[in-house]
Amino acid sequence: MNGDTAPDLAAQLNRDCLCRTLDTPRLAQALGLAPDAAALAQPPWSERPHAFSATPVFVSAAQARAMDATIQAIESVVRLPGYQEQILARTPGIARLDPGPRGVFLGYDFHLDPGGPRLIEINTNAGGALLVAALTRAQHACCTEAEPFVASSGNTGQIENNIVEMFRAEWRRSRGDQPLVRIAIVDDAPAEQYLYPEFLLFRALFERNNLEAVIADARELVWRDSALWHGAQHIDLVYNRLTDFYLAAPEHAALRAAYEAGAVVLTPHPRAHALYADKRNLVSLSDPDFLRALDLPATTIETLMRGVPRTVAVDAAHAEALWAERRRYFFKPAAGYGSKAAYRGDKLTKRVWSEILGADYVAQETVPPSERALQVNGDTQDLKLDIRAYVYDGAIQALAARLYQGQTTNFRTPGGGFAPVVVVPENLTTLAAWMQATRNCPEGA
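Note that the numbering used here has the sequence shown beginning at 1, numbered continuously upward.
The hints are simulated quantities; they were obtained by calculation from the structure and are not laboratory data.
Cβ coordinates follow ideal geometry from the N, Cα and C atoms, glycine included.
Wrong hints could be hidden among the right ones.
Stated by the list, open to error - The following label-pair restraints were derived from C-beta to C-beta distances: (1) Lys340 <-> His234: 32 to 42 angstroms; (2) Ala359 <-> Gln407: 17 to 27 angstroms; (3) Asp360 <-> Pro49: 33 to 43 angstroms; (4) Ala324 <-> Tyr194: 34 to 44 angstroms; (5) Asp188 <-> His140: 32 to 42 angstroms; (6) Ala141 <-> Thr349: 43 to 53 angstroms.
Please put together the full structure from these sequences, using the hints given.
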């Protein structure tokens, strides 16, 4: 199968295969609940009815390779001293501290453009990896022909093992052979966060692997006696889910003091956010002149030009042209996350535009998301989708999709939420058999 044909086959499956492959009792069990669908009707999951989609998303092997190529190209750039020097020059001083760890759970988010996957953004505290592992474990084949496809969607046990080893690797990068005893999963008001159930899964995962774990509000941490404490517990490593990326808020002073003193291993950390997730980096990564000045190989530059949409800084020099061409762009705050305060150019008003000009924004060429057809209450609907690659130290740990309606990803869409990703094997005979079967599949149309 050639690279031009493969994406078309994945697109055909996303359009025509309406099968639901989620085994709800198995999902409940994978989430640590009783193996009964009714368990998901109780808190905290009853308050999150659209966290999981029952329908998988298909990508071609060629698309998966292209996403990996873009990731590898970016990783090669980020490791360059010349890139780091230029990027860190504009960041707060705390970002220039290099503590050693790489940063857990980079999230590379892509839209599947007809010309290939395009990177929309990078996040350094990407949530959902353990939820995706549980979701993947809960899949069943809707027909015999689908069995190899569902089986190929991932080894969830290995994903969880890799996650634990990732945290141990972060510890070793900073502490060598010293024993890692206790991990704190830290956020602001963690029990109020939408992904709080995942915090519970992380705590259970760490404890199964002989690591003490606590879920902590950052305001509960104390810097005392040259150590970070949560109550009477000394904290060795903090799994950082805060969105105060540079620990500037007063309520994060204890964590900041411990981090700056080297008294705690923090992951992800401010340096990782500065090098990867600041939206201004997309300006550099899509600028061929900037990349050539780093003496990058031509093939790396070509990969980035294909995979990273053109992004420009919103400033006085570009303001007039950007307003005139605003329908081509999506506007994002440089320090934003979770699509907050992000705007489609074709929806911009003069009032919002004036606010953007007074803030720190970038404009990214719009890459419309692809769609996934599925059934909701007996009706066929097309939901938008993006693909998230969870990455550590340059290696993809897992792929997940998010299905939604509206301007940006959300967990409020019936039928939407996290969805498993199935990489379509390059096997036309098997694929043809499945496509034939799905026409009469009782769980599909």
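**Report entry** Contradicted hints - numbers only
**Finding:** none
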